[in-house]
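Undergrad: Single-letter residue listing:
4 protein chains.
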Amino acid sequence: MSDIQEISYFIGTDDHDAIDPTEHRKSLAERFARIRAITKELAARLSVEDCMLQSMPDTSPVKWHLAHTTWFFEIFVLERSDPHHIPFDPQYRYLFNSYYDAVGPQYPRARRGLLSRPSLTEIGAYRRTVDEQVLCGLLSGRWPRALLDLIELGLHHEQQHQELILTDIKHGFWGNPDFPAYRMLSVPEIKTAPDHQWIEYEGGRAMVGAASAGFSFDNERPRHAVLLPSFELGSRLVTNGEYAEFIADHGYDRPDLWLSEGWAWRSREHWKAPLYWLHEEKSGRGSPERVFTLGGMRAFDANEPVCHISYFEADAYARWRKCRLPTEHEWECAAVKSGSSRAGTFLDSGLLHPGKTMQNSGIAQLFGDAWEWTQSAYLPYPGFCTAESELGEYNGKFMINQMVLRGGSCATPRDHIRSTYRNFFPPHARWQFSGIRLAR
Amino acid sequence: MSDIQEISYFIGTDDHDAIDPTEHRKSLAERFARIRAITKELAARLSVEDCMLQSMPDTSPVKWHLAHTTWFFEIFVLERSDPHHIPFDPQYRYLFNSYYDAVGPQYPRARRGLLSRPSLTEIGAYRRTVDEQVLCGLLSGRWPRALLDLIELGLHHEQQHQELILTDIKHGFWGNPDFPAYRMLSVPEIKTAPDHQWIEYEGGRAMVGAASAGFSFDNERPRHAVLLPSFELGSRLVTNGEYAEFIADHGYDRPDLWLSEGWAWRSREHWKAPLYWLHEEKSGRGSPERVFTLGGMRAFDANEPVCHISYFEADAYARWRKCRLPTEHEWECAAVKSGSSRAGTFLDSGLLHPGKTMQNSGIAQLFGDAWEWTQSAYLPYPGFCTAESELGEYNGKFMINQMVLRGGSCATPRDHIRSTYRNFFPPHARWQFSGIRLAR
Amino acid sequence: MSDIQEISYFIGTDDHDAIDPTEHRKSLAERFARIRAITKELAARLSVEDCMLQSMPDTSPVKWHLAHTTWFFEIFVLERSDPHHIPFDPQYRYLFNSYYDAVGPQYPRARRGLLSRPSLTEIGAYRRTVDEQVLCGLLSGRWPRALLDLIELGLHHEQQHQELILTDIKHGFWGNPDFPAYRMLSVPEIKTAPDHQWIEYEGGRAMVGAASAGFSFDNERPRHAVLLPSFELGSRLVTNGEYAEFIADHGYDRPDLWLSEGWAWRSREHWKAPLYWLHEEKSGRGSPERVFTLGGMRAFDANEPVCHISYFEADAYARWRKCRLPTEHEWECAAVKSGSSRAGTFLDSGLLHPGKTMQNSGIAQLFGDAWEWTQSAYLPYPGFCTAESELGEYNGKFMINQMVLRGGSCATPRDHIRSTYRNFFPPHARWQFSGIRLAR
Amino acid sequence: MSDIQEISYFIGTDDHDAIDPTEHRKSLAERFARIRAITKELAARLSVEDCMLQSMPDTSPVKWHLAHTTWFFEIFVLERSDPHHIPFDPQYRYLFNSYYDAVGPQYPRARRGLLSRPSLTEIGAYRRTVDEQVLCGLLSGRWPRALLDLIELGLHHEQQHQELILTDIKHGFWGNPDFPAYRMLSVPEIKTAPDHQWIEYEGGRAMVGAASAGFSFDNERPRHAVLLPSFELGSRLVTNGEYAEFIADHGYDRPDLWLSEGWAWRSREHWKAPLYWLHEEKSGRGSPERVFTLGGMRAFDANEPVCHISYFEADAYARWRKCRLPTEHEWECAAVKSGSSRAGTFLDSGLLHPGKTMQNSGIAQLFGDAWEWTQSAYLPYPGFCTAESELGEYNGKFMINQMVLRGGSCATPRDHIRSTYRNFFPPHARWQFSGIRLAR
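Residue numbers (my numbering), protein chains in the order written: chain V, 3 to 442; chain A, 3 to 442; chain B, 3 to 442; chain Y, 3 to 442.
Misleading hints may appear alongside valid ones.
Remember, identical chains collapse to one label, so a pair may be satisfied in a single copy or spanning two.
[Stated by the list, open to error] Here are the computed lysine to any residue pairs in the SDA-like style, where the Cα-Cα straight-line distance is at most 25 Å: (1) LYS339 / ARG207; (2) LYS339 / ASP417; (3) LYS339 / VAL228; (4) LYS324 / ALA104; (5) LYS28 / HIS331.
Rather than coming from a laboratory, the hints here were simulated on the basis of the structure. If you're wondering where the values come from, they're calculated on a predicted model, not measured in any experiment.
Please build the complete structure, drawing on both the sequences and the hints.
TA: Here you go:
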């Protein structure tokens, strides 16, 4: 079972001695049950037909997310726990493999929406069966610590897909002329956002990245020192109203504000505003009448954080303000300094939309509400190395042509995020809850 | 209500006097109920998820077919019958309009598979509601003859979509690595196909096209004279076994046998055999091990008619045999001469796969089993004119870059087909039950 | 040398006895020298750089035309005349093969503009060398009649490329923001076009296609009988002014006037007027300020025939006029009846632009000025068969998804055209001198 | 003339006082004449037709390079020197603008090969005219220092295009089945490459980036401190022979070695070896028979540095060797430590192909031979800001989705390169002389 060992890369080995094994198993089982139930709950409001939607190759049907997260446990935990494991369905190995070449070939990503079979009901049974087997093995006390660490990894993986379930179904519903709501959401009352202020940070030598204790993804490691110049960060996320000023000032029509490749995307895709803004009159510039949310169409609220913008838009906005975006290290240092308190709007709140801060002093909204584009490319940390097993494919092979986002969003489970957490998307991606914090 | 009048173009006005109005209404109502029920039945075996499948832009989800055929009655019958007609759902006018620009804009064809809403249940309610309203109006006796003729047209339209439901779901299931069956089908016993013989036809002046009595589509009119040289037709459809000889003789690798544009398609799409043939070893030449049918995977049967081939393949095969394909007029004359008896396998048989003829003399399989590609381009007959209303868009605007097919297939309702019936598809289309009859 | 024999398919064998062999050789040599010289002359006004232009995959560089027409004589005449023929350059077999799979593989069509080598100078030497060898063999008296027939074919082929040289360079220059002129052309004085009248033709049985005497392409054969209904043709080509009325009446914005596929092209390509019309203000509807010609930009002249339109536009225009386009057989019968006198503007005139007729009665402009789109698909005549040799690829393999044009244009050599001549292009093609004659 | 001032961003202002103005003018004039002459010389071996070649949108015709580098001086120097400057041709402002939106719209990049006019002769005249005007103004002594700095910038810009002329024509000739040589090159004798050794570097705080004295591009600034861990660099570039081992070991068939996006490129483009390697048998794995060079086809030499590979290939190779690529800062520190002596093969040598080192100890080939892919994304240095004028577009707007290359190549002018020089290309680019140095 030596190939299980290296997965401990994800979990600091320091922890292993510190924790009572029985307590650890119990606590893990409890979390397993809870997190898996949340995923199921997220899908519960959707019809069988909704769960089949795949509106673009970047997104996946909810049914596929439900199956793939289960596949993860079956392939990486159950198969390793028992060389005689009988697969729930041998075809699933292929159908629900996302991108693990070492596991085998993959059903084409862009065609996931064409799998009417297996049915949602069958996927439900798949989930129940795997859940039982995992819990049974876990509680048996016979599984080695390395397998438990794989379950830990699987839960963090599951939480990533919880967020994707929401962002993907939002995009799927956006393509329907009736603009369906994922569920009824109460519309927050109108409150004026606090002033945008600058928070100063002194430069110097700083440590970034995840320490060896506790769970973290391989891409957060190793912890290492960096040199930072002095910098300032905006006190809160940029609001819809502020972003509308950029549009009103012809921000989408001035190539000097844009990266060259961003301008090409804007032109090809006819971007004139963030994704999900709806101008009744097409030529409308500035604030739209309505914005599409997981609660359906809602009146435009100038005080909310702007989101669903690409890196290119975030960067152009910052340039227009004569500022820039933070680097991921600047962001991390500010987060650590702020105490890393995860105070913003997360999935757990049920709001499913970025919240407004009322905080008048200090730095706000570092966590939750909307992911913050940084000007850091998603690259390996010095000394980064991947696990030898299939799980080496988890993060490393995507380290090109993507930018780092930090802090989580209103669709992220609160206990999933960390100061060292590195999310990443190509600079043109817009369907995530991605927003802007300024730096200078 | 003058705009209803011209629809009588589809129905020979000669009929109007000949038939007792009350009898006509009763008989029409009976057929309406029966044909609409068949459509529903065709969908009944499919899961909610299956009904959402759209595997390529040319195909449509079954749910969409169910809705669109209903839309046809609502827009062209109910709306015209009552200026105050309250739509079942105002959005449907847009969502389920196939291509009638005169009715209004259309939801993009290629995105029909992304409509998780309205649900299949709602479409069921739509069908029931419209059915009741049509039957009620029809039996009331207050509807003018022109409206009745529109119902007649709607029923023929419905039957066209019955065939498409089957060909489209077949294509959708083909994309699933489990190759689901639409339903269990009994596999016919192995019988050797009768010899391929040549049937002679004398040339001369012949009348083709639909007479003014009885229903026909506008594209079958007007009836007119043509000059035919003497010709011979193959006594039956080309079989899988015969077609496999073409493949074994490198038919897919010899550009001299192919139309230039066909060769380009073959190269771009990597055609090596008819659609739905499955060679376990990719390089396999000649007969495959298995063929995908609406009953799932089935062993290759050399005696069945070949089908699911493009015009390009039919034409290349004929050239390889030093023959050609028939013209549509040759086919029609042979069909008329044979008595137009619709003896082949149709939808009604429930076989859902082309049948084998046992007929040893004379011409066989003119009707049913597989559509026969002709070497005639789909063009207007001399004197063709379209209806002035929206229904003018039914056929005429497709008269370019398509070839005529004749005779119907195993997925065509038997009472839908005629000797004068002109089906049409672009020469690269392969997902219909399209086969080959030779001529020379 | 049996494989040379079948080429006589292009030349009626009836001729062979009738003509004195020595006279025939002399006359053929004289025509060979004259026609080859014209091609050279057409290129002489262009710079070395102009001759490399390939502005889209459908067009070819002038240098390529010069080489390919020479290749035709080398491959089909010189190689067959002498099994020990030493090629001018062995690579040319590949580089300048247009589409003859039987001759061997072909340099990719879309990349012809990337051949900076061989140079134009080398192609000039190639032409001179092959010309000498052909003339030498031809005048030697030792070549069989079949080889002479191949030279005849090569000359007709050469003339087709003379027209393409002009249409291709016109398209190439159109892409240059300076709109260069191919050469200075005198602008014809303004004359009002005669009224558009209807010329009646009685229907009945008619013979169409080329007789066995004299040269014709295989696609014009065999001569056969057709039945024609009575019909009327417009007395002249449709003018720019008449076409501008169609545009002013929103002809490009009304889908009901267009074939469905044509509407898709118009939308994708943003067609708002014929190719080469230039509206200074983009939104301009109706007559443009200027039109691009081989003489450069020229003021719009409402009385000239409209040209550079696709079949889709011709068809939409005819529908808007409540007329239709002629069939190719109607056109041919009218041409024969008119005496087939080739009275219009041809390449020989040097005008290089469609001319205006002044003829006030009878049918005008059947020949020359602009090719006339017919509503006939380009299909084989009954009994058509191709030559067995490589030359079988000359025409037959293009008989799909193309429409027939008749009558020649201002870029066609006058002695190249015939009443039975069938030109063909896909319905979306616009870069030829293609115009409209109405029928009803 | 305030807008000229900021260009001094490119030139350290410290220099201004230190240099005698007259001497500076003279020396600049001498360099201007020399560098401009080199460009002309590079094009002199090419035919008029060669100079029109554009084999892909990324490359440009040599004629375009000749014009654009001249345009740079006309727009940024002559226009600014004299508000009444009469343009050589007003259209050139548009035709030869590469990407400066602030200067105005640009002729589409992908269509540069379609400009047969202006002719190469006219571009020659354009060069001579602008050269005279620049020299005249420069020597007049009346131009302010800021204008002189713009000339300096223009010369560095010119040198960048000298390299592109060679890489672009190489790619253009590669598409010609005759594989023409740019010019005859002597083939170096076979010498065994020295062993690959590891050179150790101690980590710590280091300064990187260009100091304020001397010319540098904006992207090299500001100079700033970084923290480096200890590292090792390969003693020389990776050779063809070493790279062939990677291929022989199925390096192109193992997705685990590749970045995910790199694997997609490899699959779509069918990469099996570096660009310009020619295997006679397509399936050949390992060393090819021949390699295409600017001297035409040449036998494979295992001891030469591998080049013409993408970042994806460099990265996969490094992973296969269980190493990694250097960061740009590691490379720069090593270069500084080595004394920055530019000892490798540069454009000046006339070899036009990467050279082989014979150096047996210490680090070799840091400069020249082949650009070295680093694992650093091309991003702004901390505190980077762009010039306010049009020249702000020079570098900054490309800082996304590109990777940094260091050290120059055999096509780079020796006096163009520096230790701080940052070249950049998208990770899939292969047509530059780009190679590999390992790190760990």
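Undergrad: Compare the structure with each hint and give your call.
TA: Checked hints:
1. Taking the closest pair of Cα atoms, LYS339 and ARG207 come within 25 Å of each other both inside a single copy (14 Å) and across two copies (24 Å).
2. Taking the shortest Cα distances, LYS339 and ASP417 sit within 25 Å of each other inside one copy (19 Å), while across copies they are farther apart (47 Å).
3. Taking the shortest alpha-carbon separations for LYS339 and VAL228, both the intra-copy value of 16 Å and the inter-copy value of 22 Å come in at or below 25 Å.
4. With identical chains, the CA atoms of LYS324 and ALA104 are at most 25 Å apart between copies only, with a shortest distance of 18 Å across copies and 46 Å within one.
5. For the homomeric pair LYS28 and HIS331, neither the shortest alpha-carbon distance inside one copy (36 Å) nor that between copies (48 Å) is at most 25 Å.
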